[in-house]
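These are the residues of each chain, in order.
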Amino acid sequence: MNTFKNIKIILGLLMLTTSLIAQQTPALKQVKSVLIMNAVAHIGNGQVIENSAIGFRNGKITMVADARVIRLAANAYDTIIYAGGKHVYPGFISPNSTLGLVEIDAVNASDDKGELGDLKPHIRSIIAYNAESQVVESVRPNGILIAQITPRGGRISGTSSIVQLDAWNWKDAVIKEDDGIHLNWPATFSRGGFRSEIRTLEPNKDYAKQTEEVVTFFNDSKTYLKGKQAEKNVVFESMNGLFDGKKTLFIHTNEEKSIIDAVQFAKSQGVPKMVIVGGYEAYKVADLLKDNKVAVLLRRVHDLPVMANDDVDLPYKLAKLLTDKGVLVGLENSGGMERMNTRNLPFYAGTTAAYGLTKEQALSLITFNTAKILGIDQFCGTLEEGKDATLFISEGDALDMRTNQLTFAFIQGRKISLETYQTQLFKRYTEKYKNQ
Amino acid sequence: MKKLNSLLMVFLFTSVLFAQEYFPKNDGVHQKNLNYTAFINAKIYITPTEIVENATLLIQDKKVVAVGLNVKIPTNTNVIDLKGKYIYPSFIDMYTDFGMEKLRAQRNFFASAQYDSKKDGYYWNEHLKPEFNAFETFKYDDKKAEEYLQAGFGVVGTHLQDGVARGTGLLVALNNFDNNNTRFLSSKITQHFGFTRSANSSQSYPSSLMGMIALLKQFYHDANWYKNGNSTVKDLSIEALAANQTLIQIFDAGDKFNSLRADKIGNEFGVNYILKGSGNEFESIQEIKNTKTSFIIPVNFPEPYDVADPFLTNQLELSDLREWNQAPFNLKILSDNQINFAITTDGLKSLKSFKTNVNKAIQLGFDKTKALESLTVIPANLLGKSNEIGTLKMGYLANFIITSGEVFDEKTTLYENWVQGKKYVVNDFTVKDIRGTYLLTLNNEEFNWKIEGELSKLKSELISKDSTKIASTLNYADGWISLLITQKEKEKSIYTRLTGLVVNVDNLNGDAILPEGNKMVWNAKKINEFKEKSEKKADQTIPKLFPATYPNTSFGALEKARQENILIKNTTIWTNEKEGVLSNIDILLKNGKIAQIGKNLTDATAKIIDGTGKHVTPGIIDEHSHIAIAQGVNEGGNNSSAEVSIQDVLNSEDINIYRNLAGGVTISQLLHGSANPIGGQSAIIKLKWGLAPDELLYPNQPKFIKFALGENVKQSNFRASNPTRFPQSRMGVEQVFNDYFQRAKEYDLAWKKYNQLSSKEKAKTKAPRYDIEMNTIAEILNKERLITCHSYVQSEITMLMNLTEKFDFNVRIFTHILEGYKVADMMKSHGAGGSTFSDWWAYKYEVKDAIPYNGTIMHNQGVVVAFNSDDAEMSRRLNQEAAKAVKYGGISEEDALKFVTLNPAILLKIDDKVGSLKVGKDADIVLWNDHPLSIYAKPLKTIIEGTIYYDVEKDEKLREQNNVERNELINLMLQEKNKGNNTQIPQRKQPTLYHCDTLEEFTNAEHIH
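If you read the sequences in order, they're chains F and Y.
Numbering-wise (the working numbering), the first sequence opens with residue 237 and increments by one.
Numbering-wise (the working numbering), the second sequence opens with residue 36 and increments by one.
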């Protein structure tokens, strides 16, 4: 039976290379155990095993060891992949992502990233997540295997969920449902006049009013949740979990003053888990963040400095500045063309290594640290026994585009396709010219 | 004081005012006043340099009759003794909108765009209105005139500050006592231009600065053609422009670079504009000086920022802080550079700050005589009126001010401003000074009464014998004292009122009305003379000038970078030549060129750099960039804008130049956007940070123009409910091109035919109209101008190749070209190159099939492939984008590096000088710390023509210096605040980052490329 199925898959794959089918078919549940031998293993927590043996079965990592010391029975694993000179990494994680919520930016009909209204924690991204998005499959060949799908817009944009990127549908995809609520902190500056090409930003006169609205909403939610809830309020209801640490509060802001206010806000509201998303000026208040154990999902590394008089390399250096101060940092990627740019996440991490971090520290920014920040580190984020076998093999350093070349990728032990709509077009047109 | 004025006015109206002699007189009898007025014993500034002490000024009616030491005073003369006082010619402000209607913008952003003019009989563009005459709508504004008079002005030039061609301005005397027949010194004296759209018009074109420049140039061309009798139709705008050409031409440039731009237009059409500047001329003083023209300079210096809140202060750029310090030095710097300029009050929030600001400039070293000249003889001279106004010679208008001392002295009081022989009193010098301490006797009680303060605003302090202070309010006007005394009696206020006419300041007296209504006499004897309080010792230290840097922004240097001879030893060189990558080798840069590549090179003149472990590549060339462009990347007002040129609007101060250098970029092609099928002419620049805009231009550069296809040009993502601009589909796009090519062909033919005629035949034949747009497109047809075409899908790419082949030319570069891989073979045979993105896709429908293997497939088919940025961020790391060509599709690393160096040079036809490391080529190189295609590589030095424009070590120093300077300036501003001076709230200025689709009118949150 199994063999039959495998043949069918192979046949299917063969057909894919010649005819254009929209999406890659999700891989079947891991049946055969796999052993990866001799690769340089980047654990994700800073450790490296130069010559490793990594085994996994039934979707879970069963062994991470030094290949030079380990003794194994010849038939201990069904499949052995010899990967000498290659590198193994835990699957990269893209937090604060809108993958699968929009297919084509400018096509309004394909855009499901935001809902009307201002305070809407009840808006859940997961049910709109398109597991079959062509953009989603395009990020996997660069090592991004997990994403936090996050709604956009308004003061509270909604509730995110975390998915793995090889699935038939959202139910299949979800690895942590409703993991966090996203609050866009009021800006201290608001848009002023527009004079030739200069736009002026003026102090936001409504800042106090806007923050007060948030405080009121949180107070109301807490009061409601303490009560009998005789009549259901779906909005307050959806705040459940935030005050007992089951959900994380993600506060999106970049400005120093807002960050200080946000930290105080979360403290006074008794929100046990809070994360700053963006954090351009977080380095200025790093001690405060460290003392309050507030992590930062740092905004896109490949970005321009905000001010003309900022260090031209400041966006590249922020991760280092925060890490050195003891702040837990992950990398996020929101902004222009964010979905398609997800596949450049490894290179954002690579850039932080070019500007001060060690390569293994840089790797943690998109694996272990992010897993900790998202609260999924007990089952992913590093190559450690017992965790999901969500990992990949690259020909070389996966943080450098020069060498990021995946040969195998596994999600929960399932060997996923590294083909995409784009590789198919590549093959199709290469073929066209070959036949001319 | 005010009452005094009105009294005086009544007096003048009833006895002196006379209408023009040929006017009917129905309210009385005709009369003429031929009396003289003589001002004696004054220090008279006949001109700023001709000063006579104890002199006499004799005037009659509107004019000066005589001035000097030996003036004979006729018997019918009213003599005014001005002992100790000064007389100066009244000031002239040649640039105001006095008496003009304030226009409010009428643009409706929700209405469909208006492409055509609604005016009938005039030029096709509503933003050109030379037919407008300011005098026709002029309304003399008495109140505003008083403000000018109080500031010392006697004559102003005024016009409607609206539009690109603004029509004529008039010259008017600020004579509040006569009518316009008398006041108008000239009803049409100036013709005005500016770089602003007309507030009255919604016509789309021009939407950008480059559009305004092109529009004005075309207008001049059309006027010349029309003047020569070639037109078969009437055009009232052109006729007006031609008629106004004899007037003084003034261009409101409004910024130092715009001054240079306006001056260039003037040079092209033989017009000598007087340029109205903005106050930042000092930043480009050499270029400003080189215009050899005259300027009108404002004195609206910025107020210091309120920097008490550190969070807000963080939002200020160093350049904003610096501007506050530097702006007041502008006048001195202009003057030190022998630039001829008049001063204007334009831009001042209040005319009251005029004197303060000019005095401030003088305190900072601006010469007093120059200051006076720039307010009198220079504007008079610029206006061609130096025989009427500006000095106090015989026969000139009797426009003068009387002051207590030197006019630019802080303590000097301006007493009177006479205009056309009519007196306007600012501060009455005949008023009796009642300041001092008096013993007031009232109702048998004695008080100590102190009167002090400014004469115009007296303060009263009343103290009773038992030393209690009693509230009192003093009013002193028209020689009358009125004092209100308020006392408390059992929770109730009771009032005593004193009045009295001042006859003797040593003994004041008059009537008092007591609370109960009884009237009795009061008197006050002076017991102590008034003494000016020794003023707080004013801070006389002259503020230090924070010197302007090149450019005058963050990361600018105090001196322009200089060319050096540089020898990089023992390094790895990516030659892009047949030698490939060479290791352990030296490269010598000399006189801006690559002089030698080899082992063990030496050169005594060269600075040695150890290149061990480092890499040297040719400078990165970005084929598609939108940095360093001023005021609009798209001229989307028409579906073709071939007439506009990015070269006209370079902004050499854009911080992204420096940031790009820090990413190893040495050359960028700055392209027009993609809002319309035929865009504008592009500029190829070298990123020479710190030099003037024109110095950035690649010398003798090949001519390029931007074309565009697809969603942007058919306005797919505008979501306009009622589109009015053709084309709205790809089908229409072809027809737009077909139409323009055909018309340009016919245009070209018509000119060729005309040019072949003999001069005799030419005289008999009407010349074709010169059309910048058609001329540009004809250049394309004649293969003198190359196309860079924004393109995405295969159908449209094929269409354009097909169409251009019909017209016998080809497309040089398809830029973006994300479906190039589908038609790479056709591109190859057509001869087009592809300048694409490494991995962009999915941002709009037409890039659904974009793949990161695009570059590789095109390359494998023999197409010359480049990777470009179209983005100020990505251009900083194009080496990484090149590396993606290795990752996606597996081309060699050497070929990949060529995607961002040699190949764009080939496409831009500049590979004879740049793009590879070859002896004799320009020394445009990057020194990298690591393998240049690696994510870990960063430029250590970026060198253009042997000059180091970016140096990682110098960068750190600049940052430190900028921080020190920033803190110094912040401290100075805090001092200002503590002194109680006005401050402004910090604002963050956020420059727009241009992309292909950036339209000033239609900015979306997310950009579409």
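Hints may contain errors.
Unchecked claim - In the DSSO-like style, the derived pairs of lysine-lysine whose C-alpha atoms are separated by at most 30 Å in a straight line are:
hint, chain 1, residue 1, chain 2, residue 2
1, F, K668, Y, K863
2, Y, K992, F, K493
3, F, K441, Y, K384
Simulated from the structure, these hints should not be mistaken for lab results.
Here is what the structure says about each hint:
1. About 15 Å separates the Cα atoms of K668(F) and K863(Y), which keeps this hinted pair within 30 Å; it holds.
2. Under the criterion of a C-alpha separation no larger than 30 Å, the hint pairing K992(Y) with K493(F) is consistent with the structure, at around 28 Å.
3. Between K441(F) and K384(Y) the alpha-carbon distance is near 24 Å, which keeps this suggested pair within the 30 Å criterion.
Violated hints: none; the structure is consistent with every hint.
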